[in-house]
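Mind docking chain B on chain A? Use the hints.
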Amino acid sequence: MSIFEYNGSAVVAMVGKNCFAIASDRRLGVQLQTIATDFQRISKIHDHLFIGLSGLATDVQTLYQRLVFRHKLYQLREERDMKPETFASLVSAILYEKRFGPYLCQPVIAGLGDDNKPFICTMDSIGAKELAKDFVVSGTASESLYGACEAMFKPDMEAEELFETISQALLSSVDRDCLSGWGGHVYVVTPDEIKEKILKGRMD
Amino acid sequence: MGDSQYSFSLTTFSPSGKLVQIEHALTAVGSGQTSLGLKASNGVVIATEKKLLSILVDEASVQKIQHLTPNIGTVYSGMGPDFRVLVRKSRKQAEQYLRLYKEPIPVTQLVRETATVMQEFTQSGGVRPFGVSLLVAGYDDKGPQLYQVDPSGSYFSWKASAMGKNVSNAKTFLEKRYTEDMELDDAIHTAILTLKEGFEGEISSKNIEIGKIGADKVFRVLTPAEIDDYLAEVE
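Top line first, the protein sequences correspond to chains A and B.
Just so we're aligned, residue 1 is where the first sequence starts under the UniProt record's numbering, counting upward by one.
Just so we're aligned, residue 1 is where the second sequence starts under the UniProt record's numbering, counting upward by one.
These are computed hints drawn from the structure, not numbers from a lab.
Since the model is a prediction, treat every value here as computed from it, not as a measurement.
Mixed in with the good hints there might be a few duds.
Unchecked claim - Derived DSS-like pairs: lysine-lysine, alpha-carbon spacing no greater than 30 angstroms straight-line:
| # | chain 1 | residue 1 | chain 2 | residue 2 |
| --- | --- | --- | --- | --- |
| 1 | A | 98 | B | 92 |
| 2 | B | 165 | A | 117 |
| 3 | B | 102 | A | 117 |
| 4 | A | 129 | B | 92 |
| 5 | B | 176 | B | 89 |
What the hints assert, rightly or not - Some, not all, of what chain A presents toward chain B, calculated at C-beta under 7 angstroms:
| # | residue |
| --- | --- |
| 6 | 34 |
| 7 | 86 |
| 8 | 93 |
Heads up, the beta-carbon is just placed ideally off N, CA and C, and yes, glycines get one too.
Isolated chain A (complex conformation) (with noise of 0.2 angstroms):
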């Protein structure tokens, strides 16, 4: 098996009319045993960008904690917050400079830019960044989500539409991965609110 696969996870964000959603699944395994059910992969680094990290699941946390540290000095010496564009290519920065001894996680990265327009990207564990205008996915159960994103997603669609949409994708994906599941957090963020959804699936 590989390491990639050790802990088992599902990240997907989607891009919607002037907001976005970002999604993972809840499982922490060890290999085939599941640990815990609660496992928080999606993080917020400010009130218009959100990062979900998919892959070895002690990378993750120690990730996160290393992007938020460079957002909070950021942001206290520049007075502003980082831009989506920004903050992707800081990702990308700090992935590579561990290139030849990476940390095992897929970033994917979801905000509002200037004007309030969607950005996302997903990148590899060594900072090759992937920009698209519609949807991405990361994890174990990458490959069923491509093919329930491309299926069910439509350009421009509201907040209420977007969150169905990608919690279907979500939870019909992680249904096929035997690492990944037991529910769905699902955020889905316009300019003025964030909502924040946990989903009951199939708990297996």
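Just chain B now, kept in the frame of chain A:
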């Protein structure tokens, strides 16, 4: 190096609470050629005297106003070689920021990092402070900005400022002539008039240098032909 006599910092405090080397550095700045800057409503202009050692010097090769990034420029009063070193360090810092964040460095951040370098040289062993004060002119998302950085490492944002030999006359002149809603072209005229105030000899496009940045966010040093046009308008 390593000799114990030189291992203390040259900038140890005097009993009156001053750092004597920094005072001397400021004197070096004060005896340098005059330079000044003005912030207009839609841009910034910086200018300096360019008095060369002799008529045999190839004046086209001397460039006192330098770019730090495409949208930030700088000029100095004081020791030319120290300025070159600071420009080199600042350019590198700006590029490192760009490489990390893929975003051009904001003017305030670059000024702060340059000032930090200058401060380090007032608190390290075996080095001396830089003998220059810088005027940094830039245009970023926060609009036009003008900063002065001193040998001590302190920096200030100015609406208009001058440094060097003729500083007190120039500042008095600027205080009278400066208005908040000045446009860039007016600011260039005022800059030329301010330089003229204390100028020894005939002012011409060969013995002054002017740099400007407007809302297009591109810093440019004016060509001698453009300076001649502005000089003609001022007459």
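* Asked: Regarding the hint that residue 86(A) lies at the interface with chain B, is the smallest CB-CB distance below 7 angstroms?
  -> holds (5 angstroms)
* Asked: Is the straight-line distance between the alpha-carbon of residue 98(A) and that of residue 92(B) 30 angstroms or less?
  -> With Cα atoms ~23 angstroms apart, residue 98(A) and residue 92(B) stay inside 30 angstroms; holds.
* To do: Using Cβ atoms only, decide whether residue 34(A) comes closer than 7 angstroms to chain B, and label the hint accordingly.
  => The hint is violated - residue 34(A) has no Cβ within 7 angstroms of chain B, the shortest such distance being about 39 angstroms.
* Does the structure keep residue 129(A) and residue 92(B) at a Cα separation of 30 angstroms or less? -> Judged against 30 angstroms, a Cα distance of about 25 angstroms means the pair holds.
* **Distance restraint between residue 165(B) and residue 117(A), which requires alpha-carbon spacing of 30 angstroms or less** => Given that 30 angstroms is the threshold and the Cα spacing comes to 51 angstroms, the pair is violated.
* At a threshold of 7 angstroms, is the proposed contact between residue 93(A) and chain B supported by beta-carbon distances? -> With a closest approach of 5 angstroms, the residue 93(A) hint holds.
* 30 angstroms limit on alpha-carbon distance, applied to hinted pair residue 176(B) and residue 89(B) -> violated (36 angstroms)
* Asked: Is it true that the CA of residue 102(B) sits at most 30 angstroms from the CA of residue 117(A)?
  -> holds (18 angstroms)
Of the numbered hints given earlier, the model fails hints 2, 5, 6; all others are met.
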